[in-house]
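Chemist: Chains P and U, in that order, give the protein sequences. Per this note's numbering, residue 1419 is the first one in the first sequence, and the count goes up by one each step. Per this note's numbering, residue 7 is the first one in the second sequence, and the count goes up by one each step.
Calculated directly from the structure, the hints in this document are not laboratory data. Predicted, not measured: the structure shown is a model, and the values here were computed from it.
In silico contact screen, one side only, chain P against chain U (beta carbon under 8 Å); selected entries:
1. Y1503
2. S1504
3. T1506
4. N1508
5. Y1541
6. N1683
7. I1684
8. A1687
9. Y1818
10. D1821
11. I1926
12. E1928
The beta carbon of each residue, even a glycine, is placed where N, CA and C say it ideally should be.
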Amino acid sequence: MSSTCCDPTAVTTLVEVHSAGRLPITRLQVALAGQPNVGKSTVFNVLTGLNQHVGNWPGKTIDQKIGLHHHGDFTLDIVDLPGTYSLTANSPEELIAREYLLTQRPDVIIAIVDASILERSLYLVAELVQLGLPVVVGLNMLDVAKHNGTQIDTDQLSHALDVPVIELIAAKNIGIDTLIDSAVDAAQRAVAPTHLPTLRPDLETALAQFEELIASVLPAAYPLTWAAEKLLEGDPVIAKIIRQEIQAAERPALEALLHSHPGANISIASARYEWIAQAVRSAVTRQPSTSITWTARLDRIVTHPLWGLGVLAAILAGLFGLTYAIGSPIQEWLEANVIGGLSNAASAWLITAPGWLRGVIVDGAIGGAGIVLTFVPILMIFFAGMALLEDIGYMARAAYLMDGIMRAMGLHGKSFLPLFLGFGCNVPAVMGTRVIESEKARLLSILIAPLVPCTARLAVVAFMTPAFFGANAPLVAFGLVMLNLMVLAVVGVIVNRTIFKSGQSAFIMELPQYHWPKTRSIALIVWQRTIGFIKHAGTAILTMSLIIWALSYFPNG
Amino acid sequence: MSIGLDELTTGSTAEIVGFEQHGSIAGRLAALGFVPGMEVSMVQNFGHGPLIVSVINTRVALGRREATSIRIRRTVS
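Required output: the full structure, derived from the provided sequences and hints.
Modeler: Below, the structure written as structure tokens:
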């Protein structure tokens, strides 16, 4: 099991404390679930503040955020699950989320739902209620829903869904305390929802057949009905586990059953939407809104093939302009005063030391990794710009616009985001490729991300060209960058045609509603990415600069 | 008679009938609300390249191939 996804020991510290499970429970394990763009991160940040730890899910390059929240007599270990639309194994995020829920069995799941797109964001809840864990729903963005003419009777919705539903405006810190009260209460009662989506009769029959077939071989972590339904949906991960475990004699029956209901995945999705529709019908009234939403208005320009590209070009130019106007002077100042001062001081202090020792510290460490650190202010500005564009919902539009160009290189519209991040620094660019679902497109993006000219390289170009080309320097610098991008494109096309021979990967992407930027979320992202970069500078980059120094110093000194 | 979602013109609405194939792409689309009986409206379709549709109040950008795989029936709006 651990081979398929998550190592169950990943969050041991949290689990061990609680594993005794005796009353009074003072420490609770809480999983925060939700679809992308519903405000889940905002809730997490409000709950944990700076009291959060960012790591990786075992074996994956996907951020694992864990934080602490104190609430009366309780300490809550909150695990921020990756944002996913469903719990079928369509992406690494979905696998991580469900493996975590099934193997770690948190005391309660808090599911964040966007009231302004209620039905769609309840889809994940329709899956969560089937896991046999207590669920509490946080109904976020009520203000937006109201503005769009949607009135939600929360009590009625809670009654119809048979789970507690708490009103939230996370961005304004409204309702969070009530949400936690309700979650603690649900965790203590430890009752799982019983009102579940109902399937078509013939699918129910198939479900029963699956249950009978797999009951004896199913790993204990998976609830039987849940696993049977996933098999019916054609979930490749569960099917693989069962194929490995099942007796040879049963195998033909299993394969026959697996192929007996093509399209069951669509019927099951329909059943979940029907479950949602029943609840929503009784609890929601919608006034036909005549006003065109801001999102629609902005998108007319922003996603237009011509105006949209103009907007994109202007935004990128503005971001670069800002980065260089503010970041470059700071970088030069740091280089001249801090790094320069430091290496002078070190030289003076090490005056009696052997030449190689002075070299390793002054030229290797300070001159190598130290210089890299002076780029931190430039990076921070760049990260802030990217986080802002992401936060307001623009990034998905950029990916949509660039899909055609990216596709020509065998990439994906979503590859544009991480590659553009590469202009700031290649390290987060490679890390950012995780948003691409298709493995081939992801690998190709990782391969060409280091070819994107990053700020440090651009700074070198800007510094060197005037020394060699005088007045022609801007032209030469521009030409070099263009050449660089052309090489990148050519490498992309060649690798795609020869090594990967990939078919086109599917392009399915939500264009979230625009909303005002949340400074707190942006500041946290900038902080976390900057810390991540400094850690790299202190380890990998320091090691490499020492090796390069050694190669240039020895054997001749 | 059903047609592909890619044939729906900007501003028109339609009802989803089903999918050409029932693989994992169809499953992903279904999770986003593209299930039979659901209403979709075309936000932007230039006849080539990716398009934007609106389904249950959300905007989704789709590649042309993905859109073609969704079968629809035009509704009078």
